[in-house]
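Engineer: The residues making up each chain are set out below.
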Amino acid sequence: MTQATPTTTYFRHLAEGKFLLQRSQSTGEWVFYPRMLAPRSGATDLEWAEPSGPGTVYATTVKRMKPPEPNVSIAIVELDEGPRMMTHVQSIPPEQVFIGMRVRARIVEAPDAGKILVFEPDSAE
Amino acid sequence: MTRGSQLRGKTAFVGAATFGCGEAPGYTSIEIAAEAARLAIADAGLKRSDIDGLFICLPNDFLAGLTIAEYLGIRPRMTNSSRTGGSAFLTHAEWAMLALDAGLIDHALICYGSNQRTGAGKLVAAQAPSPFELPYRPNNPVASYALAASRHMYEFGTTSEQLASVAVAARQWANLNPDAFRHGPLSIEDVLATRLVSDPLHAADCCLITDGGAAVVMTRADRAKDLRQTPVALLGAASATWHIEIAQLADLAVSAAQESGRRAFAQAALGPSDIDVVNLYDAFTINTIMFLEDLGFCGKGEGGPFVASGAIAPGGSLPVNTNGGGLSFCHPGMYGLFTLVESIRQLRGQAGERQVNGAKLALAHGNGGTLSSQATCILGVPDTV
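Chains as they are written, first to last, in the working numbering: chain A, 1 to 125; chain B, 1 to 385.
Hints in this document: simulated from the structure, not taken from any laboratory.
Since we're looking at a predicted model, the values are computed, not measured.
Treat each hint with caution, since some may be false.
[Claimed, not checked] Just the calculated beta-carbon pair ranges, DEER-fashion: (1) B:G310 <-> A:P93: 35 to 41 Å; (2) B:G157 <-> A:K66: 28 to 34 Å; (3) B:R77 <-> A:W48: 37 to 43 Å; (4) B:E23 <-> A:E16: 48 to 54 Å; (5) B:E23 <-> A:P93: 54 to 60 Å; (6) B:G157 <-> A:M65: 26 to 32 Å; (7) A:F98 <-> B:R75: 55 to 61 Å; (8) A:A113 <-> B:D274: 35 to 41 Å; (9) A:D45 <-> B:G301: 35 to 41 Å; (10) A:M65 <-> B:T159: 39 to 45 Å; (11) B:T118 <-> A:F19: 44 to 50 Å; (12) A:S123 <-> B:E161: 51 to 57 Å.
Here a beta-carbon is modelled for each residue, glycine too, at the ideal position from N, C-alpha and C.
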């Protein structure tokens, strides 16, 4: 039987519409990307837990496309729980994404990559 | 000078060559690497059979050490095709230094060749795509360096004009190098007028994609002095690895060059103010700024004003990338070895119109992955040992 590995479990959750990260039960360290051990503490007691959702844009660039294709946001978002991830910041023009912008996670259907995690400006703040 | 590591000055570069820089239509990557290797062995006044340590990367041959040994007709005692991206060749020099000093080998050949301009027509990437980056289709490597640049601008107020001044200085050096792929005037306005590829980086903030090969030969200091060329001593060599995916780098405005540089300088018992010429891996203009800071040639965050002052251009206080760098000389995918070749040429006084007068100490610095692997070598003329 195939094991539920860190990588496959993460993407299975995403395909089910759930954004879950690993967290060490003993140290509380949140881990992304999913691994066999927590990179800071080395802890292996990792469980899947739901992060709160909001984060902050840590770095941002605009992937310039050949018109008429629209430009694409490529950003690194730091979740409030600590881990950083590469992502798109969507629902605003990519040129308007700025470092320090508060954003919130959302799962969307990508044209050919299945369900992916993106971020949007956090309207609650 | 007696302080520093016991490895300081124990080994030296005795041969150096390039081949096929720019466009080498029709040649395979192996042919380019092998010809650079043959020229470097001849430059040293050695025979192929003298080579018993072989260090190589090729763009897409993971067993390149076996390939090139067979191709050159040699049977090395030590073969190393370890890969850390474009910094690999400086890490090879570090390993060769150790193996030579230990007496495991007597003559090390480090070589590289690529036909990626006329062959592949685009940058050949060796990095396995991450399943956590791939869904977002980042235009790597430029996207990762653009993200670092965005952070450097945010933290230190670095500007697009300051980034552009790196490309301008590189072109000014290239204009003194007949072998450079790009010649001609280039202004800050010209750089900013090229198309944005990945904000804030314009096309002219990005390195060339060319063909080209390079090779160097190393031996122990005692053997080096009897060979054809004035030996160039290896005074310090150190490397550091912090991450692979850009999102995993703790501070996007700081690279592991801080660590590799500190250890290389300690080994050499030298500091940044001792260095006469710097050749570093300028895959993008932000690299030059970050590495000058992280290696200690200016304060952290002061790299932008430093390069904009003209300090790194011909006539400036710190000659940087005197061959024109990856931005204007040559960039065949993995550029690291060219930083060593240019440093050797400068210290031999063979750099022609771009020669830095009286250069005695050079720093070569390689970068691999997305600011991931950093490797620093400090080289000196014989009387610096």
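Engineer: Go through the numbered hints given earlier and state which of them the structure violates, listing their numbers in rising order.
Structural biologist: Structure breaks hints 3, 5, 8, 10, 12.
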